[in-house]
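Enquirer: The listed protein sequences derive, respectively, from chains Z and W. Its first residue numbered 1, the first sequence is counted upward by one per residue in the working numbering. Its first residue numbered 1001, the second sequence is counted upward by one per residue in the working numbering.
Heads up, a few of these hints could be off.
Calculated lysine-lysine pairs in the DSS-like style (CA-CA distance at most 25 Å, straight line) [said to hold, decoys possible]: (1) W:K1003 x Z:K68; (2) W:K1461 x W:K1393; (3) W:K1269 x W:K1387; (4) W:K1393 x W:K1470; (5) Z:K92 x Z:K68; (6) W:K1256 x W:K1084; (7) W:K1242 x W:K1003; (8) Z:K40 x W:K1269; (9) W:K1084 x W:K1066; (10) W:K1030 x W:K1003; (11) Z:K68 x W:K1393; (12) Z:K68 x W:K1084; (13) W:K1393 x W:K1256; (14) W:K1256 x W:K1030; (15) Z:K40 x W:K1387.
Not everything, but these chain Z residues come out facing chain W in the computed CB check (under 8 Å) [what the hints assert, rightly or not]: (16) K5; (17) L11; (18) R16; (19) L17; (20) V49; (21) R63; (22) V67; (23) E74; (24) A75; (25) A80; (26) P91.
Honestly, the hints are just simulated from the structure, not real lab data. All residues carry an ideal CB built from backbone N, CA and C; glycine is no exception.
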Amino acid sequence: MKIDKALISRLEHLARLELSDEERETILSDLNEILEMVEKLQELDTDDVTPLVYVNEDVNVWREDVVKDQVSQEAALSNAPASDGAFFQVPKVIDLKS
Amino acid sequence: MAKFTSLPQIQTAIAAGTLTCEALVNNYLKQIEASRQLNIYLEVYAEEALAKARELDQRYQTDPDKVGRLFGMVLSIKDVLCYKDHEVTGGSKILTGFKSLFSATAVERTTAEDAIIIGRVNCDEFAMGSTTENSFYGPTRNAADPSRVPGGSSGGSAVAVQAHTCLASLGTDTGGSVRQPAAFCGVIGMKPTYGRISRYGLLAYGSSFDQVGVLSHSIEDAALLLEIMSGPDDYDSTASQKAVPPYTQQLNFSGKTRIAYLDTALNHKSLDPEVREQCQNLIGTLQQAGHTVEGVDFEYLDYIIPAYYVLTTAEASSNLSRYDGIRYGHRSTHATDLLETYQKSRTEGFGAEVKRRIMLGTFVLSAGYYDAYYTKAQKVRRLIQEKTVEILKNYDFILMPAAPSTAWPLGENINDPVAMYLADIFTVQANMVGIPAIAIPVGQHSNGMPIGLQFMANKFKESELLAFAKWVMEIG
């Protein structure tokens, strides 16, 4: 598997990143080097192996459905880059022209 | 003032009237000031720590029984653990100025027992790195040789303890981030079983790997902190429901154990000859003391790192999607619409290593590649787990170097991600399997740097691991 420039652009979009040309070059060669290392996994026959997803052993740990440690509106907005005191503010989402 | 290496020493001195918490904190603050050039602390809570110390001294004077079990414990915390009303940045630009709305359960439980938090310490950005060079706030340096790295990602924690700027430090360990820096700095680093300590309030990196750990000078302190932080938590359903044993009362080791070492690890091409020699010396010492120490086959050693980087970057790309510049964190001023706000905020806020891992993680999770990479790595994780568990059926502990070499000079591997990743080869296994592991200092390399070795044990065998590690340190 070789990653090319087109795939890098697609990944950038999926990851919501916008790399500079220089960063793109470095990441392209880094990822290919890393994938070369990862290819080693293909040596192992894993056809009959179940993927390991969780390493913890407890299943379904329940607690009562009661509100705990609630965050106030003021606290929730305290780290916001932009807010009007009641809501988080973001740039306009709907473009009426298109 | 004497350099304390355990909480009992401090509590004895306070009881004898030769020490107060205030004097202790002042002493640590002086030590912090004297080691500024190592870039350990991102923030020092001087006034707050002193106020708490005075309050504790007063309470203790009124009634010595009115103080908690961590009375006299001065802690630093890694910059990925939330501490209410204090900044936490994950060593990243993207969280500059972010203040925690709540405390991590691990932090909360230590302060509830009267630990004094003296400051937050540097780490690799979002705990991604092996040298603490990936911090937006500059690298931390090893106190044994400031031209060398302290290891990572809990490098600030390791040097904070090494340089006696606090008694112990809370770190986190996703692939060795507590044990490797502990080994590089000549201190103890303990990572408990996955799920033993709640991850609530820990900035997530690889959620199926992340675990809070302790860096300290003494096994007693590691045991006590672990005992206090462990246990079920309403805010983390992956925290184990198992009762927490009184680790501090189970530190007396006796009897004979069975210890395995991995032939493939001891003969690994990346292993420094002097580190190998230290390992072989310890094997000899243990055998002479009557323990069974045997080499075992472990054919998966060279598959650990590839599988680990597929899985953790996948989890990271998902976990770090929350940093979007909307509700908190850096927001770009150059964006004109919502998509650009996400893109530019993240691009400006994240450093090179974090971007690299997000891109790799996005790739292995993307349509068309998911099965070939992500599912494959999960299957390999199963093979590694089964084989490790099988070894631990026949043996009490697995002995390994903590790292292939000692701390290297700053800048040496920073442009070679693969070389950097491969240096985690001996620590990652414990996280892949979810078992506890401890790194202890065992000697010095001819280059002057500390050498650390680690022991791993089966899940929830923290008591046995701590007691044995204590015994090994005492005979060494």
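Enquirer: Compare the structure with each hint and give your call.
Expert: Consistency of the hints with the structure:
{"no.": "1", "hint": "W:K1003 x Z:K68", "result": "42 Å, violated"}
{"no.": "2", "hint": "W:K1461 x W:K1393", "result": "13 Å, holds"}
{"no.": "3", "hint": "W:K1269 x W:K1387", "result": "22 Å, holds"}
{"no.": "4", "hint": "W:K1393 x W:K1470", "result": "23 Å, holds"}
{"no.": "5", "hint": "Z:K92 x Z:K68", "result": "34 Å, violated"}
{"no.": "6", "hint": "W:K1256 x W:K1084", "result": "46 Å, violated"}
{"no.": "7", "hint": "W:K1242 x W:K1003", "result": "37 Å, violated"}
{"no.": "8", "hint": "Z:K40 x W:K1269", "result": "17 Å, holds"}
{"no.": "9", "hint": "W:K1084 x W:K1066", "result": "24 Å, holds"}
{"no.": "10", "hint": "W:K1030 x W:K1003", "result": "12 Å, holds"}
{"no.": "11", "hint": "Z:K68 x W:K1393", "result": "41 Å, violated"}
{"no.": "12", "hint": "Z:K68 x W:K1084", "result": "16 Å, holds"}
{"no.": "13", "hint": "W:K1393 x W:K1256", "result": "16 Å, holds"}
{"no.": "14", "hint": "W:K1256 x W:K1030", "result": "45 Å, violated"}
{"no.": "15", "hint": "Z:K40 x W:K1387", "result": "18 Å, holds"}
{"no.": "16", "hint": "K5", "result": "13 Å, violated"}
{"no.": "17", "hint": "L11", "result": "5 Å, holds"}
{"no.": "18", "hint": "R16", "result": "4 Å, holds"}
{"no.": "19", "hint": "L17", "result": "5 Å, holds"}
{"no.": "20", "hint": "V49", "result": "4 Å, holds"}
{"no.": "21", "hint": "R63", "result": "5 Å, holds"}
{"no.": "22", "hint": "V67", "result": "12 Å, violated"}
{"no.": "23", "hint": "E74", "result": "10 Å, violated"}
{"no.": "24", "hint": "A75", "result": "5 Å, holds"}
{"no.": "25", "hint": "A80", "result": "6 Å, holds"}
{"no.": "26", "hint": "P91", "result": "5 Å, holds"}
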